[in-house]
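Chemist: Order-wise, the sequence lines are chains A and B. Residue numbering for the first sequence follows full-length UniProt numbering, beginning at 1 and increasing consecutively. Residue numbering for the second sequence follows full-length UniProt numbering, beginning at 1 and increasing consecutively.
Treat the hints as calculated values from the structure; they're not laboratory data. Any given hint could be a false lead.
Distance ranges between label pairs, derived from CB positions [as the list claims (entries may be wrong)]:
id, chain 1, residue 1, chain 2, residue 2, range
1, B, D493, A, E113, 58 to 66 Å
2, B, Q44, A, K68, 56 to 64 Å
3, A, N222, B, N87, 57 to 65 Å
4, A, S310, B, R112, 41 to 49 Å
5, B, E110, A, E266, 31 to 39 Å
6, B, K235, A, R280, 49 to 57 Å
7, A, I231, B, A109, 57 to 65 Å
8, A, K443, B, A109, 28 to 36 Å
9, B, N317, A, N222, 32 to 40 Å
10, A, R159, B, L64, 28 to 36 Å
Keep in mind that this is a model prediction, so the values were computed, not measured. A virtual CB, placed ideally from N, CA and C, is assigned to each residue, including glycine.
2 protein chains.
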Amino acid sequence: MLRTIYRATQTSARIGNTARLLAVRHASSGKVLTIETMHPLIKQAEYAVRGALPIRAEALSKQLKTDKTLGFDRVVFCNIGNPQQLNQKPITFFRQVASLCENPELLKAENRETLSKLYPADAISRAELLLKNIGSIGAYSHSKGIPAIRENVAKFIERRDGYPANPDHIFLTQGASSGVQTVIQMLTEHNKTGIMIPIPQYPLYSATLSLVDAVPVEYYLNEKAAWGLDIADLKRSVDSSRAKGVDVRALVIINPGNPTGQCLTEENMRQIIDFCHQERLVLLADEVYQTNIYQPESRPFHSFKKVLRSMGEKYHNQELFSFHSTSKGMVGECGRRGGYLECVNIDEAVLEQLYKIASISLCPNVHGQIMVDLMTNPPVEGDESYPQYKSEVDAIFGSLKRRAAKLAACFNNLEGATCNEAEGAMYLFPRITLSSKAIAAAKDAGMAPDAFYAMAMLESTGVCVVPGSGFGQESNTWHFRSTFLPEEHLFDDFCDKIVKFHKQFMGKYRD
Amino acid sequence: MLRTIYRATQTSARIGNTARLLAVRHASSGKVLTIETMHPLIKQAEYAVRGALPIRAEALSKQLKTDKTLGFDRVVFCNIGNPQQLNQKPITFFRQVASLCENPELLKAENRETLSKLYPADAISRAELLLKNIGSIGAYSHSKGIPAIRENVAKFIERRDGYPANPDHIFLTQGASSGVQTVIQMLTEHNKTGIMIPIPQYPLYSATLSLVDAVPVEYYLNEKAAWGLDIADLKRSVDSSRAKGVDVRALVIINPGNPTGQCLTEENMRQIIDFCHQERLVLLADEVYQTNIYQPESRPFHSFKKVLRSMGEKYHNQELFSFHSTSKGMVGECGRRGGYLECVNIDEAVLEQLYKIASISLCPNVHGQIMVDLMTNPPVEGDESYPQYKSEVDAIFGSLKRRAAKLAACFNNLEGATCNEAEGAMYLFPRITLSSKAIAAAKDAGMAPDAFYAMAMLESTGVCVVPGSGFGQESNTWHFRSTFLPEEHLFDDFCDKIVKFHKQFMGKYRD
């Protein structure tokens, strides 16, 4: 019986041997809360984007303040898509509006003349409109997010897709991550609940599945087909998991891909939706990179909502959650923790439960909500701030595109390395060949071979990337993920450092 | 065997009958994710502060926009400590600094002259200092929070307590709630892990225990002794739970109390710490109302950290988590979701795990972090902005104190009602006597008697309070929680409305 399996797994994973633990607890530090007595699922969760490599990078960064002998003058954090950390300039209009919402005293009549020297009129009127809808940004808002902002998001989705969106089905969230975590938890009825995730994947997914005790059901992206998605592979994966008693309920797609950068074709998306429909899977679409699209003619972005709606009546009941964020795109406002979640065809009783769970955390932070409003409703042609807005967005986009191409070329020129181009997102995920000698050295160091490579890169260049093992990869292949976010005027130097390091590493460990 | 108990509980609570669920799933809506198939612990969690009453209040608030026949002209949200929703003015200096961090363009040389007409020099220099430490507020920060801000928080704690604080043991959080949730989850090794909570309690605690499948171990606050805490009662509670096989690990204290408003004496706090030490319990101190102290001479605030440190070597290993927030006090910046968590005597390996779990959510929002910095390091005597800061804080404090006293008097004058005064926090929790007739009417309506009373109050006055049953109370006693946050110039009217409603209600349901 399945229930026996559940019991055995839960008992061993969550409970352990109480007597032994009590003994350990009293024997060691004398503490009640120790690594032995803490929540076992937290202990087992891993999150490589901020794992061992970044922790070492942080330490090096501190060391650099006093020690000039490291051979590099700064640590370059390419482990995380954090554009403003690497000096990407925020969009002026967004910050103007946000700063006025922060300090409404400036909007008083007596300050208007002075204010007009510092702010364009449309930023002022936009802030007034937001404050009228919000009240104070210092107050808790509606737990689903400010109603007027959810209405604006719905209009944005309608403009983007050409299909209606319901503001009541939109939840503003603290970045996309918190939306993803809530939905995955919601889907997890028991510890045999399976959720399909791509390999390689963004480790938020594996970490969250681990935390809620759900089963990751892995499907592989095909590196040789530009990280494309093969439906036969999805089918094999779901069948084999179900045969083992896993109750597979949902499929996660990251599009554009992270760490892989692919942008799905509309045809492929239709196949995926049809697959979910046939297999009775809720579709989770992580679409946070929807504006980071570098080949817009051949590989434009389509939302899963739009493709689903275009497929007609047969699919009218297909459940979909779509996630978006203010952290990516040309906005890059990561620190603000803004995002939204659209629920499509989700049961009303489940929506009520989502609302309840949101209410326990009171509300998403209001600054993040304001940025969602601005991101989804930026200045338009004819607005005073439009020319500046457009030129800033175009400049960031153009530079990202150039840097993506330059870094891919750099990686493809490395000995034994291959790298698919970025169709979207902010990352490249090159494959590297490591010698038996390097693999043996990694083993001696107690590290995965690609982690060993990445650590060597960090120590010799100050460049921090994330080893492929943090995202998952086909066995006996090695990769790393790097953002292409270092500043453009420093980018050649950045590439040179990697090239030089790679040559040395390959030389040192040649078989 | 304990393990058998665990199994049975987990199986029934988390899994249910899979075959039955599959049948339900296909039979009803055709959806995969339904109320029957969702995570059972989410379904069972309750959160009264934003429960049925506030949902009805929201609907009435909407209705008021077009319908003027309700008998009141606005809904007064006294269900939640949300001062700026009820028009409390934010602290000017804090908003000035935050707005400059939001728009660093203003700090450029060419804007300085104009800027000086709108901002005092110390707000400008404070923003410059923050930006120097942060970089851009649009970047993800360190997952534990910006190091310089954690250092400032540590200094604040040292000034407050007279004992050292370690910035590495401080985590900035999204409000206090997220810190509480993480720590409770961390403590929950298995589903027989018990955590002691006061009754009445703030429902974040019961909801979180429910979500992580831990056992609430209740102890009662003594209404007749001004909601004091009796150690003998704590002892009875822990003993009886342990006798039932519950593995009690921690004790939650809310001081000043929510919903009860008491402020603990130092003597009582020593007893509590000694109790935790003897019983091997981690102490969780919710100290978010530490500056809402209305009888500072007779009932000053002491932090548990300070009292613990003052008790000497014997207690040097006592584990303590203390929570603070930017949402309460005279700051009242709820929408910003700022807070911190200090870990005292917590195992280093557990701190690493807390860091890991923080990193999965990337970082607390940077705006909240800035407000933590400002709250813990406000202008001081001699600063240009100090006089205004002081007068604003004093005005808010004075008004809160007056309103607390006025509302307590109002409640104590109601037929059959008694109410302890607020020594601290933002709430009163009056006890009301309900007639058999009222209790029968509530039963007919399918509601708890105090929820029935609170709903009647809402429908007739527009005042939204939370029934005592949402916080827990001794059986067959009835209470409600109300903030005393309505604006002072409207306060008499607010009290009059309640008095009038209460008379009508008592008359209608007189036995």
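Chemist: The structure should be examined with respect to each hint, and the outcome stated for every one.
Modeler: Verification of the supplied hints:
no., hint, result
1, B:D493 to A:E113: 58 to 66 Å, "violated (38 Å)"
2, B:Q44 to A:K68: 56 to 64 Å, "holds (58 Å)"
3, A:N222 to B:N87: 57 to 65 Å, "holds (58 Å)"
4, A:S310 to B:R112: 41 to 49 Å, "violated (54 Å)"
5, B:E110 to A:E266: 31 to 39 Å, "violated (49 Å)"
6, B:K235 to A:R280: 49 to 57 Å, "holds (53 Å)"
7, A:I231 to B:A109: 57 to 65 Å, "holds (59 Å)"
8, A:K443 to B:A109: 28 to 36 Å, "violated (57 Å)"
9, B:N317 to A:N222: 32 to 40 Å, "violated (55 Å)"
10, A:R159 to B:L64: 28 to 36 Å, "holds (31 Å)"
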